[in-house]
Amino acid sequence: MAALESGKVAGAWLDAFWQEPYKGALLRFEQVLLTPHAGTYTAQCRLAMETAPAQNLLRDLGLG
Numbered sequence: 000m001a002a003l004e005s006g007k008v009a010g011a012w013l014d015a016f017w018q019e020p021y022k023g024a025l026l027r028f029e030q031v032l033l034t035p036h037a038g039t040y041t042a043q044c045r046l047a048m049e050t051a052p053a054q055n056l057l058r059d060l061g062l063g
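Residues 0 to 63, numbered by numbering that gives the first Met the number 0, are exactly what the sequence shown covers, in order.
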């Protein structure tokens, strides 16, 4: 938090917390965007998360 207060870190976007909803000190910073851990809930993201490992495996085996 000191880096945010001093301006060393201009901003942050965080989406995973030990407890949700987050109720900590980062809420007081306008330059911090806090979202619930739901960024992967889109169909496009899920498809990419499911196909990328298979594509990587095929590539590494010389089959893709």
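Just so you know, the hints here were simulated from the structure itself, not pulled from any lab data.
Keep in mind that this is a model prediction, so the values were computed, not measured.
Beta carbons are placed, not taken as given, at the ideal position from N, Cα and C, and that holds for glycine.
Heads up, a few of these hints could be off.
What the hints assert, rightly or not - Pairwise CB distance ranges (calculated):
#1 Gly61 - Leu26: 48 to 58 Å
#2 Glu29 - Gly61: 45 to 55 Å
#3 Ala2 - Lys22: 15 to 25 Å
#4 Met48 - Leu25: 40 to 50 Å
#5 Leu62 - Pro20: 38 to 48 Å
#6 Cys44 - Glu4: 26 to 36 Å
#7 Ala24 - Arg58: 26 to 36 Å
#8 Met48 - Met0: 29 to 39 Å
#9 Gly63 - Ala42: 16 to 26 Å
- Task: Note whether the CB distance of Ala24 and Arg58 lies within 26 to 36 Å or breaks it.
- Result: Once the Cβ atoms are compared, 44 Å apart, the range 26 to 36 Å for Arg58 and Ala24 is violated.
- Evaluate the given range 15 to 25 Å for the C-beta pair formed by Ala2 and Lys22. holds, 21 Å
- Message: Assuming the hint says 48 to 58 Å, is it satisfied by the Cβ distance from Gly61 to Leu26 or not?
- Response: holds, 50 Å
- Check the following: the C-beta atoms of Cys44 and Glu4 are separated by a distance inside 26 to 36 Å. Distance hint for Cys44, Glu4 holds at roughly 33 Å.
- Message: Quick check on a hinted range of 45 to 55 Å for Glu29 and Gly61, using CB atoms only.
- Response: Given a distance of about 50 Å, which is inside 45 to 55 Å, the answer is holds.
- Kindly confirm whether 29 to 39 Å is satisfied by the beta carbon distance between Met48 and Met0. This hint holds: roughly 31 Å between Cβ atoms.
- Lying within 16 to 26 Å: is that true of the beta-carbon distance Gly63 to Ala42? The hint (16 to 26 Å, Cβ to Cβ) holds, given that Gly63 and Ala42 are roughly 23 Å apart.
- Range agreement (Cβ of Pro20 with Cβ of Leu62, hint 38 to 48 Å): holds, 44 Å
- Message: A range of 40 to 50 Å was offered for this pair. Does it hold for the Cβ distance of Met48 and Leu25?
- Response: violated, 27 Å
The structure does not agree with the numbered hints 4, 7 stated previously, though it agrees with the rest.
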